[in-house]
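Residues per chain, in single letters:
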Amino acid sequence: MRKIFLIIQREYMTRVKKRSFVIMTILGPLLMAGTIVVPMYLATRTNEIKNISVLDETGIFLEKFKDSDNFKFHYLVSDINSAKSSFTKSGDYALIYIPKTEVTLPTNAIIYAENTVNISVQSYVRNVMSKQIEELKLQARLRELQTDKNEPVSVDDILRSIKTSIDINTLKIGEDGKESKSYTEINMVLGMVAGILIYFFIFMFGSQVMRGVIEEKTSRIVEVIISSVKPFQLMMGKIIGVGLVGLTQFLLWVVLTFGIVTVVTATMTTKEIKKTTTEQLMQRNEAISPVTADALTIKQAEPKQGGNEVIEAINSVNFPVMIGSFLFFFLVGYLMYAALFAAIGGAVDSEADTQQFMLPITLPLILSIILAQVIIQDPDGAVSFWFSIIPLTSPVVMMIRIPFGVPYIQVILSMVLLLLGFLGTTWLAAKIYRTGILMYGKKVNYKELWKWISYKS
Amino acid sequence: MDLFSAHSITKLYSNHKALDRVSIDVPEGSIFGLLGPNGAGKTTLIRIINQIIAADEGEMFFNGRKLMPNDIASIGYLPEERGLYKKMTVGAQAMYLAQLKGLSHQESLTRLKFWFEKFEIKSWWNRKVEELSKGMQQKIQFLITIIHEPRLLIFDEPFSGFDPINANLMKEEILAQKEKGATIIFSTHNMASVEELCDHIALIDRSRVVLSGLVREIKKTYKTNTYIISYHRGEESLRNFLPDSFQILEERADPDHQYATIKLPADATPNDLLQPILSRVTINSLQEQIPGMNDIFIQAVTQQHPELK
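Quick mapping for you: the protein sequence lines, in order, are chains L and R.
Using our numbering, you'd call the opening residue of the first sequence number 1163 and step up by one each time.
Using our numbering, you'd call the opening residue of the second sequence number 42 and step up by one each time.
There could be a bad hint or two in this list.
Said to hold, decoys possible - Among chain R residues calculated to face chain L with C-beta under 10 Å, some are:
{"#": "1", "residue": "Gly-117"}
{"#": "2", "residue": "Lys-128"}
{"#": "3", "residue": "Tyr-137"}
{"#": "4", "residue": "Leu-138"}
{"#": "5", "residue": "Leu-141"}
{"#": "6", "residue": "Ile-195"}
Stated by the list, open to error - Listed below are the simulated EDC-like cross-link pairs for lysine to aspartate or glutamate, each with C-alpha atoms no more than 16 Å apart in a straight line:
{"#": "7", "chain 1": "R", "residue 1": "Lys-221", "chain 2": "R", "residue 2": "Glu-122"}
{"#": "8", "chain 1": "R", "residue 1": "Lys-128", "chain 2": "L", "residue 2": "Glu-1225"}
{"#": "9", "chain 1": "L", "residue 1": "Lys-1293", "chain 2": "L", "residue 2": "Glu-1225"}
{"#": "10", "chain 1": "R", "residue 1": "Lys-127", "chain 2": "L", "residue 2": "Glu-1377"}
{"#": "11", "chain 1": "L", "residue 1": "Lys-1392", "chain 2": "R", "residue 2": "Asp-112"}
{"#": "12", "chain 1": "L", "residue 1": "Lys-1604", "chain 2": "R", "residue 2": "Glu-122"}
Source of the hints: derived by calculation from the structure; they are not laboratory data.
These numbers come from a predicted model, not from an experiment.
By construction, the Cβ of each residue, glycine as well, lies at the ideal position given by its N, Cα and C atoms.
Let's have the full structure, built from the sequences with the hints guiding it.
So, in structure tokens, the structure goes:
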């Protein structure tokens, strides 16, 4: 154990001290913070108020959408067709349409807009609607309880029974009145970002493992080392060491990005404190019965100071699940692929020879990214399901799916299979690696690799 | 007593036998030469001894008991394919490798400081390996091989890639290690170094041991009772004075002397050679022709494979 720790330590320290690591660590957050802060800054600059018309056929949400500094809501009384045609002429920013429902409470809305709809509008509409519906349900439930006082009741039960998710479709509506679907939902963005991050991380640090193995081979130090440690220890030490480097970099990115964004938004919003959607909702909750109001407040995302709309939208996502599964797929996916990268590094003499073996490894990864579009459109379809279960594609594909909500059983199945995949590739890679690192100047093909795998230890 | 011995080691690769029932016994305190042509299986055997790869059959004993995985702490190995991390500093690298050998951080530091001072290379400590010459790097590698004071040292082709000065330095260090009580195995096909250094040898050819034992005894068995005699120039050829059973293999001359290489009958002694010629020619010198390891090597290998002749 001490030896593997020494190896991890060396792999980690030599990489973290590199200039390229420091540069990447500083540039990454600047770039990412830039992509968050700049649009925010621009948004605060524009004083233009956007008009949003609301066509609420149910009548439940009348006057529930409150005007803010950037948005002004006005309610229409007409039918959807004339609303749409007047919308294209009016120059309004968006049209929210809540169709009439029979018997059940309305849980879906359509937002029409000429351009992509700001995600903050969507999350605001979603929040207002779900709060309103939950309030209605709660009132109904409380009435029920009053008539039947003997029924045992807990706040949790109530909260669970009233929990409502709102479906929002966003449609682009052209000058000609033609509609097309647009994708701006925050969970799409999050899914894509998470999937791409994993893809990027596996490639970047997986190939670092491979290069590290090749370096040890070409510098001829490998035999010196494996006279003191087992090849497997050397391989795992390297994989874990490089993985920790990746994790360090990633965490530094998150912390630094968050730091920069917080500082910048704080300085930006001190002049003008906006009433946030969350605060509005909080006030509304206080009007309800005190017990449930407390419970609802706890459930509520904490009010963010600064009141940035993007951040608010992000707050609507289930982060513990998102972050937990991200870390899992991020790490185990990396471990699985890194073992394969290590095996390639062990089998070849130089980076130029890696081409023929890289294809089978990069193929599933690239396929996952290509499929992302399909998966976003149909996150619960057969393609999405299977590719999020198969270990080689699951790290990326499952992460794209998770923000849309995936049954726990599927997530767990995918995780278990990924762990098995990790054990399998590591076992296979170790066999190739321990033979390969002692072979110099030999052109290796797949037949040869197969022979190495079948050698007994 | 044997510090290390291997019994009937066999290693199979998919299409050939790399080692076929190879046995060697390495007495404590000796320098044991592992000889053989390229591809004979020397490196495979050495890797098996170092437990880098596993034998398919056979047993190995260290210090009188079975060789155990943690015996590698008592073995120092300098592989034929050797190198260092180019981008790491010499000091950090030496510390890393010494600790991998099982030394504590403090112990590694103390020992390395001692050796760096002894080799007068203290100024290299913070330099990157890529800034050092090949000879300098070899010094570091040697130092790392012996840093944990192993009882058994294994050198695979230690002189390959050395210039004569560094090769000599290496040789002296190997002998110094022997003086300190280490047992040494080294593989080579440099026969000159075998004669100078080795007490014992095993000659491996095509996966088998074809010859092994004490160097001086092997030489004795390969002696052919042949002598080289030199005498004054201008005198009659010795052929005229010797009985027919004395075979003259070669005659030559330089400006001062004449030489004859004579193979004696099996029961004859140098005295029998001198007697008939003493009164006829002025003898300058008489020398027994001792077969060099090179000749023995070639002879042993070609005996196994007459087609090579």
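How the hints compare with the structure:
{"no.": "1", "hint": "Gly-117", "result": "holds (8 Å)"}
{"no.": "2", "hint": "Lys-128", "result": "holds (7 Å)"}
{"no.": "3", "hint": "Tyr-137", "result": "holds (5 Å)"}
{"no.": "4", "hint": "Leu-138", "result": "holds (7 Å)"}
{"no.": "5", "hint": "Leu-141", "result": "holds (4 Å)"}
{"no.": "6", "hint": "Ile-195", "result": "holds (9 Å)"}
{"no.": "7", "hint": "R:Lys-221 with R:Glu-122", "result": "violated (26 Å)"}
{"no.": "8", "hint": "R:Lys-128 with L:Glu-1225", "result": "violated (68 Å)"}
{"no.": "9", "hint": "L:Lys-1293 with L:Glu-1225", "result": "holds (14 Å)"}
{"no.": "10", "hint": "R:Lys-127 with L:Glu-1377", "result": "holds (9 Å)"}
{"no.": "11", "hint": "L:Lys-1392 with R:Asp-112", "result": "holds (13 Å)"}
{"no.": "12", "hint": "L:Lys-1604 with R:Glu-122", "result": "holds (14 Å)"}
In terms of the numbered hints stated before, the structure departs from hints 7 and 8, listed from lowest to highest.
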